[in-house]
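Using the hints, position chain L against chain X.
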Amino acid sequence: MNVLKFLIFGVSLFFLSSCRPNDKPVMPNPDAVVLFSFTHSIQGQPMVRSTSVHTNKAGNNYTIDLLKYYISNITFVDDKGIETNYKNYNLIDAFDVQSTSFILDRKTLNGNYRKIKFYVGVDQERNHTGAQEGALSASNGMLWTWTFGYVFYKLEGRFTTASITTETAYRNHLGTDSALVKIELPLLLDVKGVDRKININLDIDKVLGDAASVIDFTVDNNRQSNIGDEVWMKKMKSNMANAFTLSSVE
Amino acid sequence: MKKRNLLAFCLIALSAAMILSCSKDPKVATPLNAPVLVSVESFIPRGFSSKVVDLNLRNDNPLTVQGIALGRRLFYDPLLSGNNKQSCGSCHIQKYAFSNGPDFALSLGADGFSKTRRNAPTTFNLLWAKSFTWDGGQPNLEEQVIGPITNPVEMNQDISLLANELQADPNYPYLFKKAFGTDSITVALVAKALAQFERIIVSGDSKFDLWAQRKINLSNDELEGYAIFQSQTLGDCIHCHSAGNTFTNFDFKHNGLDTAMSGTQVDVGRFGVTHQGFDSMMFKTPTLRNIALTAPYMHDGRFKTLEEVVEFYDHGFYRNRNLDVNMMMLPKYRMSTTQKMQLVAFLKTLTDTSLTKDLRYSTPF
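From first to last, the protein sequence lines stand for chains X and L.
So for the first sequence, my numbering puts the first residue at 1; every next one is plus one.
So for the second sequence, my numbering puts the first residue at 1; every next one is plus one.
These are calculated hints, taken from the structure and not from any lab test.
Think of the CB as a built atom: it goes at the ideal place given N, C-alpha and C, for glycine as much as any other residue.
Be careful, since some hints might not be right.
Taking lysine to aspartate or glutamate and the EDC-like style, the derived pairs with C-alpha atoms no more than 20 Å apart in a straight line are [stated by the list, open to error]: (1) X:K237 - X:D203; (2) L:K130 - X:E133; (3) L:K130 - X:D203; (4) X:K87 - X:E133; (5) L:K130 - X:D96; (6) L:K332 - X:E167; (7) L:K51 - X:E133.
Selected chain L positions facing chain X (Cβ under 8 Å, derived; list incomplete) [as the list claims (entries may be wrong)]: (8) S49; (9) K51; (10) L55; (11) Q230; (12) S242; (13) G244; (14) N245; (15) T246; (16) N249; (17) F278; (18) V325.
Next comes chain X alone, as it looks inside the complex (with noise of 0.2 Å):
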């Protein structure tokens, strides 16, 4: 008898637990996403339009009204130096949240990810190619002529310092071929076809710089790639290479 009722209750066990479901493996999600959300700060603090007053390294007290840039050709690298290359073109406005997250087109992400890589800016292929659409159309305000190609960051505000007391303008506006800047930051994303979200802050602090590559408004207020401008642009290259950091993984 009490072997029967052992044999039943082994038996509805066995039963039992073959129906969990966590025996079965779990599949990957073919269309899993990465997600990309990007954020600002200066000097670790959220960036405000127009309103706060920061101070850069060269002593100028400055508002920004306006930054804008692209982010393209977002680039995994795996464990093995495989890469994988979105051929994205994202145009990033930070006071409009709708530009600042993106999901790129679809693309397998299957491995262990030690690396992501992008440019701030717009690659030759595309930099002169006119009639585009999207980020990358016209009507975005960030193409100068189909010659000069686009602007890739846009930085605008005024300024003040200790003898340029009345608000003063500042713009500065990288572009050309020449200065297209590449970003490569280490990563540890192993994808196994499960959403995920990387976030990327840009210091504006680190773009303006310090010593001998300091940006200071009072000589770099109006900046836009032209002849002359060299020194800056290359500044701004070194800067900004710096300047993104990977904040987190979700």
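Leaving out everything else, chain L in the frame of chain X:
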């Protein structure tokens, strides 16, 4: 057995009766054809973006032949105004590229004396628009089109009466049935039809476009004007009126107009929508397409001619706190008389006479 046959017969008879009672008299029920979908690509001029992300379209209001035809009729029908004297087309006049024309800095309402707050904007190429009205207060075309109909200083229609008025009309119930499959008229359907018609009013066949397509040549003055338009030290128009197809970046900017209005009130512009200090007196950059047809200029229509506008941007602007940074950089009196003339010559190449003559956009009455 007999009983079962009787039962079966009864069932068949009953079903037949039900089926017959459901079928409609063929004379009365000529079925209406479903609305015919129109491909938006057929309206997009050469070189313009047809990418969905760039287009102001709505999934719940697809373009149809019948919807567009209804929208066109509504656009030109004074029945939409409170006193049945004014239509949308009264102030958005085709021969002036759907602006109100040179005589009206501010438009007159249906009552004949009320004045609008701002200059009537054009209603073409809305397919690429990112927001509507001078301050961008309306993100959706379907909502915007109802604004002027109900505004007391414009068409002044009591919105609660509009649907009934159209319902009582001998033609509209049938036209709505054709366009939307229902003859019970609602304000939402009026808005949908108007939006469909406005979306297909497209202009992309100007002298400039023909030149860009290498079909014609521009004169030396026009070409010089184009260079001045793009030059960052001369016209510097391009920072806001982006070259390309739209001739606007759709942004809100302070362009250096002083605070004095033609009326008594100061117009705070975009501030009225966002209530953010940095948006004070900012207005949406308008397109420059057909600009020679849309005088007078600015949100309050203060300038009568293109020459006046060019003078203003050459030296007339005020360096207000909110003035666009790019304009802040510009020295005054930077263009010569010849250069200003050439810039105007270029602006005139943006006129598209096919827009002003296209019968698809004209009144059906």
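Status of each hint after checking the structure:
1. X:K237 - X:D203: 14 Å, holds
2. L:K130 - X:E133: 15 Å, holds
3. L:K130 - X:D203: 29 Å, violated
4. X:K87 - X:E133: Given that 20 Å is the threshold and the Cα spacing comes to 14 Å, the pair holds.
5. L:K130 - X:D96: Holds. K130 of chain L to D96 of chain X sits at ~13 Å (cutoff 20 Å).
6. L:K332 - X:E167: 19 Å, holds
7. L:K51 - X:E133: Holds. K51 of chain L to E133 of chain X sits at ~7 Å (cutoff 20 Å).
8. S49: S49 of chain L check passes; min Cβ-Cβ to chain X is 4 Å, inside 8 Å.
9. K51: It holds, given that the least Cβ distance between K51 of chain L and chain X is near 4 Å, below 8 Å.
10. L55: 10 Å, violated
11. Q230: 6 Å, holds
12. S242: Where the cut-off is 8 Å and the nearest Cβ of chain X is about 5 Å from S242 of chain L, the hint holds.
13. G244: Interface hint status for G244 of chain L: holds (3 Å vs cutoff 8 Å).
14. N245: For N245 of chain L, the interface hint holds, since the closest Cβ of chain X sits about 7 Å away, which is under 8 Å.
15. T246: Cβ of T246 of chain L sits 4 Å from chain X, so the hint holds.
16. N249: Where the cut-off is 8 Å and the nearest Cβ of chain X is about 3 Å from N249 of chain L, the hint holds.
17. F278: 4 Å, holds
18. V325: 4 Å, holds
Comparing the model with each earlier hint shows violations of hints 3 and 10; every other hint is respected.
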